[in-house]
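For the protein sequence lines, the chains are A and B, in the order given. The letter at position 80 of the first sequence is residue 80 when you use the numbering used here, and the numbering goes up by one with no holes. The letter at position 138 of the second sequence is residue 138 when you use the numbering used here, and the numbering goes up by one with no holes.
I should point out that these hints are in silico values taken from the structure, not numbers from a laboratory. It cannot be assumed that every hint is accurate.
Incomplete in silico selection of chain A near chain B, CB under 10 Å [said to hold, decoys possible]:
no.: 1; residue: Lys-84
no.: 2; residue: Ile-282
no.: 3; residue: Asp-451
no.: 4; residue: Gly-455
no.: 5; residue: Cys-460
no.: 6; residue: Leu-468
no.: 7; residue: Gln-504
Calculated Cβ distances over 12 Å to all of chain A for the following chain B residues [to be verified]:
no.: 8; residue: Leu-50
no.: 9; residue: Lys-59
no.: 10; residue: Glu-75
no.: 11; residue: Ser-114
no.: 12; residue: Gly-127
no.: 13; residue: Gln-132
no.: 14; residue: Thr-151
no.: 15; residue: His-330
no.: 16; residue: Leu-336
no.: 17; residue: Glu-462
no.: 18; residue: Leu-538
no.: 19; residue: Pro-564
no.: 20; residue: Arg-595
Since we're looking at a predicted model, the values are computed, not measured. Just so it is clear, CB atoms sit at the ideal spot from N, CA and C, and this is done for glycine as well.
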Amino acid sequence: MPLRMELLVCGGTGCQASNSSRVLEVLRESIKEANLQDEVRVLMTGCFGFCEKGPIVKVMPDNIFYVEVDEESARKIVREHVIKGRIVEEKIYKEPETEERLPEQSSIPFYKKQIRIALRNCGKIDPENINEYIASDGYMALARVLTEMTPEEVIDVVKRSGLRGRGGGGFPTGLKWEATRKSKSDVKYIICNADEGDPGAFMDRSILEGDPHSVLEGMAIAGYAIGAQFGYIYVRAEYPLAIHRLRIAISQAREMGLLGKNILGTNFSFDVEIKIGAGAFICGEETALINSIEGGRGEPTVKPPYPAQVGLWKKPTNINNVETFANVPPIILNGAEWFSSIGTEKSKGTKVFALAGKVNNVGLVEVPMGITLREIIYDLGGGIKGGKKFKAVQTGGPSGGCIPAEHLDTPIDYDTLNALGSMMGSGGMIVMDEDDCMVNIAKFYLEFSCDESCGRCTACRVGNKRMLEILNKITEGKGEMEDLEMLKELAETIKDSSLCGLGQTSPNPVLSTMKFFYDEYIAHVKDKSCPAGVCTELLKYYIIPEKCVGCTACAKVCPVNVIHGEPRKVHVIDREGCIKCGECYRTCRFGAITRK
Amino acid sequence: MSKSQKVKWQALERRFNMVNVTINDIKLQVPEGTTILQAAKMVNINIPTLCHLDLHDIKMVNRTASCRVCLVEIEGRRNLAPACATECFEGMVIKTNTKRAIRARRTMVELLLSDHPTDCLVCEKNGNCDLQKLAADLGIRKIRFEGEKSTYTKDSSSGALYRNPDKCIMCRRCETMCNEVQTCGIYSAVDRGFETVVAPAFNLPMIDTQCTFCGQCVSVCPTAALTEVSYVAKVWEALHDPDKFVIAQTAPAIRVALGEEFGLEPGTIVTGKMVAALRRLGFRKVFDTDFAADVTIVEEAKEFIERLNGKGRLPILTSCCPSWVKFIEHQFPELLDIPSTCKSPHMMFGAIVKTYFAEKFNILPEKIVVVSVMPCIAKKYEIQRKEFEENGIKNVDYVITTREFAKMIREAGIDFTKLPDEDFDDPLGESTGASVIFGVTGGVIEAALRTAYEWITGETLEKVEFHGVRGLEDGLKEATVKIKDMELKIGVAHGLGNARRLLEDIRDGKRFYHAIEIMACPGGCIDGGGQPYHHGNLDIVRARLNAIYEEDRNKPIRKSHENPAVIAMYKEYMGEIGGEKAHKLLHTHYTPRERI
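Generate the whole structure from the sequences, applying the supplied hints.
Pasting the structure below:
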């Protein structure tokens with residue numbers, strides 16, 4: 001029987017967490033029960049990106065995109081769609097505004113504005129099968145590079161494509177390759193930085209899980225270009241699925257002669273090893289990463305010398321991020337001009353963002369550079385959850401900043417984000433609404449930086465701690481106006497004085513919130529209040545007499561018995577003894593309790 | 001620039017490309033690879049530093065750039081640069097004293113102080129602390145930052161080395177010294193962020209580590225995070241106890257360094273004043289460890305000649321340095337048959353005092369308290385070793401360092417520089433030039449050669465100085481000495497890293513020597529862990545070295561076996577050199593230890 005249908009089940013970590021592995025099993029079982037296993041194939045792919053609506057099952061060639069599939073609906077899909085050719089309506093994505101069902105992936109607003117280059121195979125192929133990658137033009141770019149191009153030509157293409165480092169810094173990839181090529185040494189290394197650690201970011205993980213070969217191919221091409229024979233992938237131990245799939249990919253590539261000695265019969269030999277990191281955020285910094293691979297403490301060292309000159313084991317080393325490598329094969333195949341036609345003047349191509357926070361469609365998107373924040377949040381992201389008011393979007397993780405509503409129409413690229421006091425970072429994008437306190441958000445990111453600081457230099461080790469203490473003081477209502485001055489001065493000094501990128505950017509969340517949301521800081525310091533109602537110490541609970549019906553529910557749940565009042569009469573909170581637990585606020589069914 | 005510096009400079013100019021730089025509007029040319037700090041020094045611009053330490057001659061350069069105190073502004077650079085670790089490039093324009101640089105520098109010192117006990121008035125390093133001096137130099141009058149201070153467990157488990165991590169400023173000098181120069185690897189940074197501290201693996205108590213207590217970490221620690229365990233109070237107690245007969249012995253390296261503590265030029269020989277000071281402190285007898293050094297030489301020369309004659313294994317290794325003894329026990333347990341079995345001189349001395357001297361002067365050994373004044377911290381550990389007891393009586397009761405001794409002199413109100421010169425007491429105060437040079441690298445082997453030569457040949461040695469084994473610059477020295485028809489190959493190592501290289505070669509059969517001298521501290525005891533702090537100025541150590549050789553030249557007797565008091569002791573009490581009684585009292589054995 002010829003194969004007539006394929007069911008693609010999302011195997012990204014997000015969908016797996018929503019039980020997609022079980023969905024896959026159920027699909028297979030049901031198909032076997034119907035004795036269709038020879039004509040219908042079920043396979044697990046990488047991440048589709050639409051995590052909000054996972055688990056996702058896509059039926060091909062019918063091109064039907066099912067969302068939120070559970071065991072029962074999986075059986076139904078087999079029963080109805082696979083066997084009888086009837087689409088299971090209720091599992092088709094429903095556009096919230098028009099309530100229209102959109103069965104095709106490309107017609108769903110979440111996907112409409114996406115251009116998938118780095119994620120080109122995620123959700124399309126089985127990442128554990130090298131043949132599927134090859135069938136999607138996989139390793140074609142490597143073959144072309146090895147047989148038709150000189151290393152200089154490869155570097156030239158990458159340079160002209162305008163590809164910049166996707167790990168955060170945005171350094172032109174071609175220039176980095178060229179510098180490493182020019183460093184004289186018989187041994188050189190390629191390192192793939194997969195130490196993704198920003199809170200809420202999962203771009204690199206999804207690529208490694210969904211299309212590990214594209215990263216291996218990118219690394220091999222880079223190896224050829226700079227003259228390296230060996231590569232390391234530094235990936236955190238918290239990514240077991242990515243590591244598992246990488247291992248399979250490496251061994252399959254070796255078996256097929258696409259890694260190892262004399263690749264494709266040429267003189268070029270290149271192999272790859274996985275190094276598992278212990279999950280220190282600082283190891284994403286390239287010199288710290290090198291120290292960690294060498295078995296030392298993951299701690300940055302002074303640059304220059306740059307890794308391109310003195311890197312791993314003191315040899316010239318080229319370090320790129322996962323997404324950067326994944327972009328390389330399509331650039332080689334489609335040409336520098338194709339890539340550079342996408343994006344803005346100085347930032348070419350696409351960028352993958354992990355969209356998270358108070359947005360309707362949480363997930364992974366790949367969009368052309370130059371798209372506006374508004375398009376991502378409202379068109380792809382479907383707007384703010386619960387119809388709340390947008391307040392800010394945080395980009396760049398703990399190194400980035402918070403961008404307010406007035407800059408929503410900024411076209412995104414490396415330079416515009418920097419100008420706003422934020423940064424591209426590796427692509428985390430966290431949306432905040434009116435219920436988020438920006439002082440508290442700054443504190444959250446600073447806490448992260450304090451925890452993840454390697455402790456080497458004074459500015460970061462002690463400076464960030466002191467900043468955090470000032471922020472604590474402010475959110476506890478003990479702040480004074482001088483504290484704000486001190487906070488700003490300290491933040492600027494830490495940026496100026498720290499040894500590595502972590503310390504040099506860790507004050508960004510504080511500085512950007514102070515720049516755009518200074519009124520919230522003032523409210524905390526002068527009025528001793530938290531406008532968003534987040535900072536517990538500053539909250540005051542009131543009962544609105546007009547709304548209170550005297551049901552006594554609040555008085556009953558109050559753990560410290562400070563709500564008084566006769567039944568059916570207006571109640572009052574004695575704020576002296578109130579511990580601000582919020583139980584009354586949550587219990588009141590009449591909206592009679594408010595907090596400021 | 002001194003003449004020798006000029007010569008060095010001209011050599012540098014020939015070897016390297018020169019680059020043009022401008023520092024505070026002064027234009028100058030420097031060789032490629034020169035740091036901003038070095039360049040500034042050439043034009044007499046002083047940039048404050050803290051973590052930086054350049055002990056170039058012993059290959060210890062701390063360039064961690066962690067304190068961020070030496071930050072300067074470089075035209076065209078986004079952030080400030082650490083002068084100590086940033087190399088000059090062509091056309092570099094540097095400003096060391098801009099508002100920005102000064103603000104950052106002051107902030108760094110304030111931040112360090114905000115996490116420091118600031119108990120300067122009662123601190124061990126009061127007046128000798130680099131952080132204190134820096135704060136004074138910068139005119140810090142207020143610490144603007146308040147907050148949590150680090151508190152850690154203090155460690156005096158070894159009875160030798162005292163760790164107070166509360167005072168650690170994370171300069172990492174100890175780490176560089178211990179890991180790179182001494183290759184013991186005791187310290188590394190532990191934990192993250194504000195909690196980061198330099199500590200042994202698993203935070204083990206020092207006594208459970210492979211630390212040799214050489215004290216070189218103490219020598220370079222800028223604060224009181226690492227100091228010695230002090231026995232000053234115990235010594236005072238003994239001195240004030242009428243039932244005790246307290247005897248002092250002084251190592252050769254004390255007399256050439258003690259003067260520094262009282263403002264005398266480095267290298268001033270203060271033997272007479274030192275003896276006078278000890279008397280005034282209340283010591284009943286003031287003896288010289290040099291006497292026991294002469295005993296060591298005759299015992300060791302005897303052992304050496306026996307081994308040359310086929311009784312035992314070659315090479316013979318000197319065993320005067322307790323730090324080095326602990327090193328070989330941990331690192332080369334398979335080589336424990338090659339060190340001489342001789343105790344270190346001050347342990348021999350203790351044994352002699354509590355037997356020969358006690359009998360001769362009819363004093364009960366249990367009433368005698370032997371205090372060793374040593375340049376050494378390891379000797380504090382050594383006296384606790386179980387093998388150094390006779391009938392439950394310790395050979396030596398207390399060890400105090402040169403620094404502790406100076407403190408006692410000051411506390412007692414003795415005006416050291418005005419003291420008359422006095423002589424050691426008889427009979428254990430008699431010594432030779434051979435024993436004086438025990439205090440410097442190459443000295444022990446030179447002293448041994450002077451005796452061995454005469455004993456082997458039966459002839460008088462006219463030229464007693466063996467210059468081939470002298471000097472600070474080379475960590476590993478080799479010399480061939482012709483005695484009769486034999487060519488003796490001599491090896492000398494100072495610094496444990498050099499000792500490790502030498503021992504590895506011996507273990508692997510790559511090198512052969514007849515005799516080897518090893519001292520744990522670079523330069524030998526003159527630069528011991530208990531000596532006055534040199535604050536990075538190795539010229540001070542060089543001056544001590546020259547003084548030692550001067551003291552040797554001034555001695556009427558320069559060969560150990562000619563020491564009349566030593567000859568008398570063997571005749572009256574000890575019997576034959578290397579005989580049964582000598583072996584019982586003057587020799588020891590070694591214990592294999594684990595590496596951790």
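Going down the list of hints, with the structure as the test:
1. Violation of the interface hint for Lys-84/A is found here, the shortest Cβ-Cβ separation to chain B being roughly 59 Å, above the 10 Å cut-off.
2. Look at Ile-282/A: its Cβ gets to within about 8 Å of chain B, closer than 10 Å, so that hint holds up.
3. For Asp-451/A, the interface hint holds, the least distance from its beta-carbon to any beta-carbon of chain B being 6 Å, beneath 10 Å.
4. Contact between Gly-455/A and chain B, as hinted, is supported at the beta carbon level, the nearest pair being about 2 Å apart and thus within 10 Å.
5. Nearest Cβ of chain B to the Cβ of Cys-460/A: about 8 Å, under the 10 Å cut. The hint holds.
6. This hint holds: Leu-468/A has a C-beta 9 Å from the nearest C-beta of chain B, less than the 10 Å allowed.
7. For Gln-504/A, the shortest C-beta to C-beta distance to chain B is roughly 6 Å, which falls under 10 Å, so the interface hint holds.
8. Taking the minimum C-beta to C-beta distance to chain A, about 9 Å, the non-interface status of Leu-50/B is violated against the 12 Å cut.
9. With a least beta-carbon separation of about 17 Å from chain A, Lys-59/B lies farther than 12 Å from that chain, consistent with its non-interface assignment.
10. With a least beta-carbon separation of about 15 Å from chain A, Glu-75/B lies farther than 12 Å from that chain, consistent with its non-interface assignment.
11. The beta carbon of Ser-114/B is not kept farther than 12 Å from every beta carbon of chain A, the shortest such distance being approximately 6 Å.
12. Non-interface status of Gly-127/B relative to chain A is upheld: no Cβ of that chain comes within 12 Å, the nearest being about 23 Å off.
13. With a cut of 12 Å on Cβ distances, Gln-132/B stays outside the contact zone with chain A, its closest approach being about 16 Å.
14. Separation of Thr-151/B from chain A is adequate, the least Cβ-Cβ distance of about 14 Å exceeding the 12 Å criterion.
15. Distance check on His-330/B: its Cβ is at least 21 Å (rounded) from any Cβ of chain A, clearing the 12 Å threshold; non-interface status holds.
16. Non-interface call for Leu-336/B relative to chain A: holds, since the shortest CB-CB distance, roughly 30 Å, exceeds 12 Å.
17. With a closest Cβ-Cβ approach of about 51 Å to chain A, Glu-462/B is found to remain outside the 12 Å limit, as its non-interface label requires.
18. Distance check for Leu-538/B against chain A: the nearest CB is about 24 Å away, which clears 12 Å, and the non-interface claim stands.
19. Here Pro-564/B stays apart from chain A, with its beta-carbon at least about 57 Å from theirs, past the 12 Å limit.
20. Every CB of chain A is more than 12 Å from the CB of Arg-595/B (nearest about 17 Å), matching its label as outside the interface.
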